[in-house]
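Put the two chains together into one complex; each comes in its own frame, and the hints tell you how they fit.
Protein sequence lines, in the order shown, are assigned to chains A and B. In this note's numbering, each residue's number is its place in the first sequence (first place is 1) plus 49. In this note's numbering, each residue's number is its place in the second sequence (first place is 1) plus 1061.
Mixed in with the good hints, there may be bad ones.
Said to hold, decoys possible - The calculated DSSO-like cross-link candidates involving lysine-lysine, where the alpha carbons are at most 30 Å apart (straight line), are:
{"#": "1", "chain 1": "B", "residue 1": "LYS1258", "chain 2": "A", "residue 2": "LYS53"}
{"#": "2", "chain 1": "B", "residue 1": "LYS1219", "chain 2": "A", "residue 2": "LYS216"}
{"#": "3", "chain 1": "B", "residue 1": "LYS1095", "chain 2": "A", "residue 2": "LYS130"}
What the hints assert, rightly or not - Negatives, chain B to chain A, calculated, CB over 10 Å:
{"#": "4", "residue": "ALA1078"}
{"#": "5", "residue": "GLU1106"}
{"#": "6", "residue": "ALA1129"}
{"#": "7", "residue": "GLU1133"}
{"#": "8", "residue": "GLU1154"}
{"#": "9", "residue": "PRO1192"}
{"#": "10", "residue": "GLN1218"}
{"#": "11", "residue": "PHE1230"}
{"#": "12", "residue": "HIS1253"}
{"#": "13", "residue": "LEU1275"}
FYI, nobody ran anything at the bench for these hints, they're computed from the structure. Cβ atoms here follow ideal geometry from the backbone N, Cα and C, with glycine treated the same way.
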Amino acid sequence: MSAKTLYDKLWDSHFVKERDDGSALIYIDRHVIHEVTSPQAFEGLRLAGRDLWRVNSVIATPDHNVPTTSAERSAGVAGIKDDVARIQVQTLDDNCADFGVREFKINDQRQGIVHVIGPESGACLPGMTIVCGDSHTSTNGALGALAHGIGTSEVEHVFASQCLVAKKMKNMLVKVDGELGPGVSPKDVVLAIIGKIGTAGGTGYAIEFGGQVFRDMSMEGRMTVCNMAIEGGARVGMVAVDQTTLDYVKGRPYAPTGEQWEMAEAQWRDLHSDADAHFDAVIEIDGASIEPQVSWGTSPEMVLPVSATVPNPSNENDPVKKEGIERALEYMGLNADQAITDIQLDRVFIGSCTNSRIEDMRAAAAVVKGRKKADNVKEAIVVPGSGLVKAQAEEEGLDKIFIEAGLEWREPGCSMCLAMNADKLGAGEHCASTSNRNFEGRQGYGGRTHLVGPEMAAAAAIAGHFIDVRELMQH
Amino acid sequence: MKAFTRLQGLLAPMDRANVDTDLIIPKQFLKSIKRSGFGPNLFDELRYLDEGYPGQDNSQRPINPEFALNQERYQGAQILLARKNFGCGSSREHAPWALDDFGIRCVIAPSFADIFFNNCFKNGLLPVVLPEDVVDSLFQQMYDKEGYSIVVDLEAQKVISPDGSEYGFEVDSFRRHCLLNGLDDIGLTLQHSEDIKKFEQQRRASSPWLFQDL
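So here's chain B without its partners, still in its complex pose (with noise of 0.2 Å):
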């Protein structure tokens, strides 16, 4: 996994409430086996203004000029500041994979839905809870300023903007020492086979039903 350290990024709003992870991408990408790929239709709906299959030339299709991540200012934006409940919705992954695949490494809004949350710690990708107010006043210095650009330091959980402004934000430990390191879970968690093969003995003992053959 990509680590994340410290962030230097332009910033490109997503300004509704409740986007959901049909919104982030639609259902008919979701039929590809990879992991990658899935960029050009982040916010497919939002981006085009035709409908969207997998497989075809999206430079080719009609572009919603009206969508902030179409607009010439907001080209090469890595940061999304976005309304509350963010990534609500299913469970899929391909949502944080489209987000990352498109350059996105972070996204700031005042609360995310459980499982998208989650998953964007397992992808690279931080999401940055700040209070409402806060997402409020960047969403307007973002409007008022064109090329605005912030930090994200994450070894010292602030978000600072270009005044100087620091804005704290938390992340438990555990996630936040995997992404500053780029560690895979799953290896980290084997380190504690042991422990597992001992619980598991025990629960076969208390409840053999749950391990019979299927």
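Next comes chain A alone, as it looks inside the complex (with noise of 0.2 Å):
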């Protein structure tokens, strides 16, 4: 037998058939959805006359437009002030109940981003397929899991038939070696990936995050990691199951128990690439180069060092580049050639399901410790990904840090990354962001978003600008 990738084996673990035409179902093990890509899936059972094919490997949230302040919340979801929003949101628990699906609701405790409340609850698992309709579904990949984003015809299709149409995708491995240096986080190598590759880099491509780097990781820092796969275009983000992996799955509310858990184990053992195993493509960066890192333009693939200075269009010879690069600075408000360190911040949001676990909520706590807010940061949220997060975080006294800096603590939700809610950015505003998205108007209509890590994105909430969270850890 030859010698396969983690993608082949999750891949062929879940074939069900081939068809004519070479295309391949697939079956899928868990399903997670939320109230903005499920209402029409729903909509469309229903005019079909079909039913779930299996209820219990569906799991559901809002997220993406509950409000995040405890006023708003408080009243759960008749609370909602947008009327838009409520209905959705409404919709969503309509559905759920209609059709049996377990729901963590608004003010469940274990309710809050879809690709946080998975892992967290052992609803998602390694070796299983997990697809939910949206992009950011390849988080779960850190788990050693197949995962990915689906549209919404899609959704209803696996409601309906537990499957998905697929083709196989090719393999990419991304091996960062080495270690990372002091004040480097998991967001800082991801972003350094998709600068290095381009937001069009993995664009039909599984890619597996391999090298000493993951290794050392944490559950939480895999999963930031895997969460940007799509920005640099690919779908499918992964990285191997080991002992760090099992460590974190065990004892989950969904996690397998007793014999079960010893079965799953030995299954999941086998969760990685054969050492020889074929990529059709492989990426390798030194571990050790990778500075904290910025955005300054409008994909994430505009990203430099945070000792960088931004890109000057007149070097760039490629004419449609060029004109990228012109129309970013324009719509971000910088100058060729400005330092990153010198854009002045609005706003700052901590969060999303890029950086919004209990290991991003203790790193950026720790730099903002014992210090104060800029003046002229107006506001500075930290949303926690889940409820559950919420309550570690302030078991550990974290809000309380985040208060007395300054910042403000929110409930869980997708808030700020993409502006559905009320939390969002004015025109021409600069935040830096622990979200994953840069494009024009997505934190808000003209707001101008800067990518960052979390230990980056309080440093800037502290010095007013962006600054090397390193020379503030040497205090």
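Here it is in structure tokens:
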């Protein structure tokens, strides 16, 4: 038998059948849903008179447009002021009740961002195929699972058949060896990878993140990295199962126990690429060379080390790229050759499915502890990824550290990552954001997003402009 | 689903690389629980000079005259000519829904993001990949000649320009079959129900923890 990659193994173990045209039916173990991309799929089921194929494969939570202030949150769904958003969240509740789907509702402590609650609850496990109508579903790949985003038609397809029609992707290995320097976070690693391969570099590939840096990384860190596979163009990001994975999963509410745990562990221990497995593409990066990153433009590939200066379009020969840089500079209100550290900030957002887990909260709190938010930063919000992350952070006193430093401590949800709720940027405002996309208007009409890790966002909140967090760590 | 066979239509430009789904349909419009009605807000931030919100009367909003789709010569366009990595970003199917609702039936580009590409086929919208130099030349011809209209023939897998030049493209056979016949994917998959059930039984035996109630 030939050597297989982790992706090959996951594909093979979920392969139902090949059809005459060469496409495959792939079995889906877990289907996570939220309020934005599911209503039309439920409607489609009703119109066709179909039921869910397997109701216990589905788990739901509202996240995209739930409010994050405790005042608006306290009255639950009825308290959501935005009528259209309230109807959407209510529709999720109604659909889950009608079809018998397990839902962590708005003020359930287990509610949170889909990609945070999946691993946290043990609903998402190693070796699974996991889909969700959300492109950041790749986050779950950190568990050694095959996880990716799907559109609403596919949500309906999985509802009705437990399968997806798929074509096998190519294999890419992104190998980061060596050790990360102090103050360099998993977010910096993934931003550096995207800066290198570009936003379409992984298109058509399933990426496995391998090498010393990922073996040394916590599960939370691996989730941050896999989360942004899609910003590198790949629907799927994965990390092989090791002891770190098993230790993370064991004891989660929906994780197997007893004899079934033994069975599961035996299967999961094989979830790694064979030594001589073939990858169609291999990217290698030296971990020690990665610096804290800041995105300056309107695409995640427009990212640089904090010590760098903003690009000058006159140095670019490709006319499409040159125009892209010029447009980005204009939208972002930046000058060519301006130092990244000269970018002044209006807001700071710490949260999102990329960076809202307990470790992110700890990292940000460690930076702001005993310091004060700069006056020019109008608002700095910290939005935990789930009610359980929030409770854990409060038990550790992190909420007090943030509040004393002048940051706001909010209720869990997607929040300002995509600004579907009230948390958004004003036109022209610069934001240091731990989210995943810096597209035009992403965080609010005319808003200017700079993607960073939680440590760098926290440091920016204190300084009022970007600084190398390693400077703060020395004091 | 609407079938797509052969389309003769006016070409309009979306002349920038990496057009993301937030640009195609901004997030505030994703709160709808319907599949239709997104057309007036397609490319909202480029089409209008103010910030849009759901439920407003778009006919009263200030139009951006610089934006191609607002210009007289591109009115009624059914084919969008775009640059590389079109549709990157989120999985929102609202992006193809908005294009379709606006009247676009086909997007031609040197490359597409995976999820958007896939979503198009579920909605009777054809994404056509042509080499970068061909796309460059189509842009040039379109800019040079008002009323530039082309034929996209899915059966023959060809784009035919007004001067009779033909450019071949490929669509995988299953997607092509579904699009040509307007077939519902789910019905086709459910023809394999017995295979799915058999697979599921084996999986339940080997990995029972996957089937516990939540």
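Quick rundown of the hints versus the structure:
Straight-line distance between C-alpha atoms of LYS1258/B and LYS53/A comes to about 27 Å, which keeps the hinted pair within the 30 Å bound. Of the supplied pair hints, the one linking LYS1219/B and LYS216/A holds, its CA atoms being roughly 23 Å apart against a limit of 30 Å. Restraint check: the Cα-Cα separation between LYS1095/B and LYS130/A comes to about 20 Å, which is no more than 30 Å; the hinted pair holds. Not every beta carbon of chain A lies more than 10 Å from that of ALA1078/B, the smallest distance being close to 5 Å; the non-interface claim is violated.
A beta-carbon of chain A is positioned within 10 Å of the beta-carbon of GLU1106/B; the least distance is around 5 Å. With 10 Å as the threshold on Cβ separation, the claim that ALA1129/B sits away from chain A holds: the shortest Cβ distance comes to roughly 15 Å. Chain A leaves GLU1133/B outside its interface by the beta-carbon criterion, the shortest separation being 25 Å against a cut-off of 10 Å. Interface exclusion of GLU1154/B from chain A breaks down, the closest Cβ pair being 4 Å apart, not more than 10 Å.
No beta-carbon of chain A comes within 10 Å of the beta-carbon of PRO1192/B; the shortest separation is about 15 Å. Remark: the non-interface label on GLN1218/B is consistent with the geometry, its nearest Cβ contact in chain A lying 15 Å away (cut-off 10 Å). At roughly 16 Å from the closest C-beta of chain A, the C-beta of PHE1230/B stays outside 10 Å, upholding its exclusion from the interface. At roughly 6 Å, the least C-beta separation between HIS1253/B and chain A is not larger than 10 Å, which violates its mark as non-interface.
The Cβ of LEU1275/B sits about 4 Å from the closest Cβ of chain A, inside the 10 Å cut-off, so the non-interface label is violated.
Of the hints listed earlier, those the structure fails to meet are numbers 4, 5, 8, 12 and 13, in rising order.
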